[in-house]
Amino acid sequence: MTSEEKHEALFAKWISPKDPEGNDLKFQSPQAEKAFKERITRIKDAIQMKKLPDRVPVFVAPSFFPAYYAGITPQEAMYDYDKCSMAFKKFIMDFEPDGNLGAYVPGPGKFFEILDYKLYSWPGHGVAPEQSYQCNEGEYMTADEYDKLIEDPSNYFTHSYLPRVFGKLDGFQMLPTLTGILEMYGVAMNFIPFGLPPVQATYKALFDAGAEALKWMGAMGAFNGEITAAGYPIIAAGYTKAPFDVVGDTLRGTRGLMVDMYRQPDKLLEALDRLTPIMIKMGVDTAMMAGHPIIFMPLHKGADGFLSDEQFKKFYWPTFRKVMMGLIAEGVVPMPAMEGHWTTRLEIMSDLPKGKTLWMVDQSDIAKAKKTIGKVGCLFGNVPSDLLVVGTPQQVKDYVKNLIDTCAKGGGYIVSNGAFFDQAKPENVHAMVDAAREYGVY
Amino acid sequence: MAKDLCKTLADLKEDEALAIVEERLKAGGDPMGILNDASRAMEIVGTRFSKSEYFIPDLVYSGEILKKINEMVKPKLTTEGGAKKGGKVIIGTVAGDIHDIGKDIVVFMLDVSGFDVIDLGVDVPAQKFIDKIKETSAPVIGLSGFLTLAYDSMKQTIEAIKTAGLRDKTKVMIGGGQMSDEIKKYTGADAYGKDAVVAVSLARKWAGAK
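Residue numbers (the working numbering), protein chains in the order written: chain R, 1 to 442; chain U, 1 to 210.
You may find that some hints are simply not true.
[Claimed, not checked] Stretches of chain U that chain R covers, calculated by requiring three or more beta carbons in the stretch to come under 8 Å of a beta carbon on chain R:
{"hint": "1", "region": "35 to 48"}
{"hint": "2", "region": "182 to 192"}
[Said to hold, decoys possible] Derived DEER-like restraints, expressed as beta-carbon distance ranges:
{"hint": "3", "chain 1": "U", "residue 1": "Asp4", "chain 2": "R", "residue 2": "Asp152", "range": "39 to 49 Å"}
{"hint": "4", "chain 1": "U", "residue 1": "Ser201", "chain 2": "R", "residue 2": "Pro193", "range": "51 to 61 Å"}
{"hint": "5", "chain 1": "U", "residue 1": "Gln127", "chain 2": "R", "residue 2": "Pro426", "range": "29 to 39 Å"}
{"hint": "6", "chain 1": "U", "residue 1": "Leu25", "chain 2": "R", "residue 2": "Asp144", "range": "21 to 31 Å"}
{"hint": "7", "chain 1": "U", "residue 1": "Gly188", "chain 2": "R", "residue 2": "Arg437", "range": "54 to 64 Å"}
{"hint": "8", "chain 1": "R", "residue 1": "Pro426", "chain 2": "U", "residue 2": "Asp131", "range": "33 to 43 Å"}
{"hint": "9", "chain 1": "R", "residue 1": "Ser154", "chain 2": "U", "residue 2": "Gly188", "range": "44 to 54 Å"}
{"hint": "10", "chain 1": "U", "residue 1": "Asp131", "chain 2": "R", "residue 2": "Met289", "range": "51 to 61 Å"}
{"hint": "11", "chain 1": "U", "residue 1": "Lys7", "chain 2": "R", "residue 2": "Lys313", "range": "19 to 29 Å"}
{"hint": "12", "chain 1": "R", "residue 1": "Asp144", "chain 2": "U", "residue 2": "Pro75", "range": "19 to 29 Å"}
{"hint": "13", "chain 1": "R", "residue 1": "Pro129", "chain 2": "U", "residue 2": "Thr163", "range": "22 to 32 Å"}
To be clear, the hints were calculated from the coordinates, so they are not data collected in a lab.
In this text, a Cβ means the ideal position worked out from N, Cα and C, and glycines have one as well.
Produce the entire structure from the sequences given, and follow the hints as far as they go.
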């Protein structure tokens, strides 16, 4: 199949969902089925930019907002999967967005506990029960470990990185390199670590963690089936990342990454190259498994001010673009989220084929985004978090109307909030959705 | 004569800058003189940043080089460095929020601009701000936060400062990813600064530095 055919095939799968047995999913009603297909067609037309959708689609993309809205704490959402599903279902049914993010945001609290996850603090573990989880910045990969990462990324992750971010995976440090298992002679030597107590304790934790992950996924699967049957599509199948963010977010950390650009730029560039096919595969595999064309890419360390123009062109953009092109070649639609401000990057990032990408815009200059990336890719977002919290419904409506006037001409725009939000006045979120329906008809 | 430390450091030439420091120390040079040159270099870095000639990585890297210079010079120091010329600024990420990248950049810029910065770290309860204001009489308070959840936390912190009777003695600035002038009004702060450069000019206005 050509990449164009693969692209169409993924959209065809998305619009014809299956139940867990592999049969056509039964919708709640013929109206729900009609609404589901209309929503996906609307989103597809906006992305592909070949013809105008019937109206501007609308997404609502929250972080923990559905939990607060339903009156539960983030801690409850993370530890009680039924409550979590209930909250996100209420959110979707009440706001009726054309696209939503499912109920994956909270994640399974107990799972993180079982493995003693250190990369994040979460409600009850480092932050209060009524707060969302937050990342603990650190140098989880040290400055002198680039060669190890480059030489064998999965071996590096297993032996060095994972034991640092999960306390209970300590035993992985003692694991043999399995490529030493070749002949009868000496083969048993390789297995000795599996007999040692620390390694066995790690495997015991893994079995428990796996069971908990399955339990959570069961709840998520049921949730997805239910909201799909009610006519509401989930926007993305999963995620991958720009290689520069892989290194900067959770391996070297922001400070480590920035210093590496001066002290060891060649090693950094080599690592970015090494991570590129891995990030492509991560996105493509997820899309294929889910039968869904869209893969989310949260963008962080390339924002305005985080790099000079030269640094952005040298370190951030080339491998980020390669990952997107790798996804596009397999028919997948990259959905990069430009968190914060990216106005100075828009022009550079417009060098992409038309109708293959979907960009979340937070606080970047939206008019400029339309004139640059907006010429080749679909934009969504830009309704600000602060407006949703402290504004009035009329202010939100006016903002959305202005967005539609600025961006919707010729298609390729979806109304949405710009950053994943925890808090908002519900009436303001309603105003955003209503305004899209009211002003967005083509 | 060794090359100019101030210029070398301001241009972020790490190896050269460290070599100059080593040479000067070996030759029995005055450690305070070295630190003064380094401090002038940091001012230049700050100025270049405010003119958008330098970006965040340049600030971070200059800070890393400075750290190394401090380590080399410290054993030779006989007295503590002189007091800061600028006013006092208390800064911290508000309760419930543990993000610090933005805050650290503001701390850096205030520091190189001559302020005496009291950094309370992250997830700082309102009471800790109040205690520090009482202890230091700092006229400028910086509240940092990355999340929308920080809106209420900032509001509560400012209200607590008011209840403690300290509000009219202090000026409060807020900053962070999802902050804005609207949130300034919501929290009752005196100003919102979109970046570290604005934070420095606000602090100058309120506390007066050199």
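| Going through the earlier hints one by one, which of them does the structure break, listed in rising order? | 1 and 7
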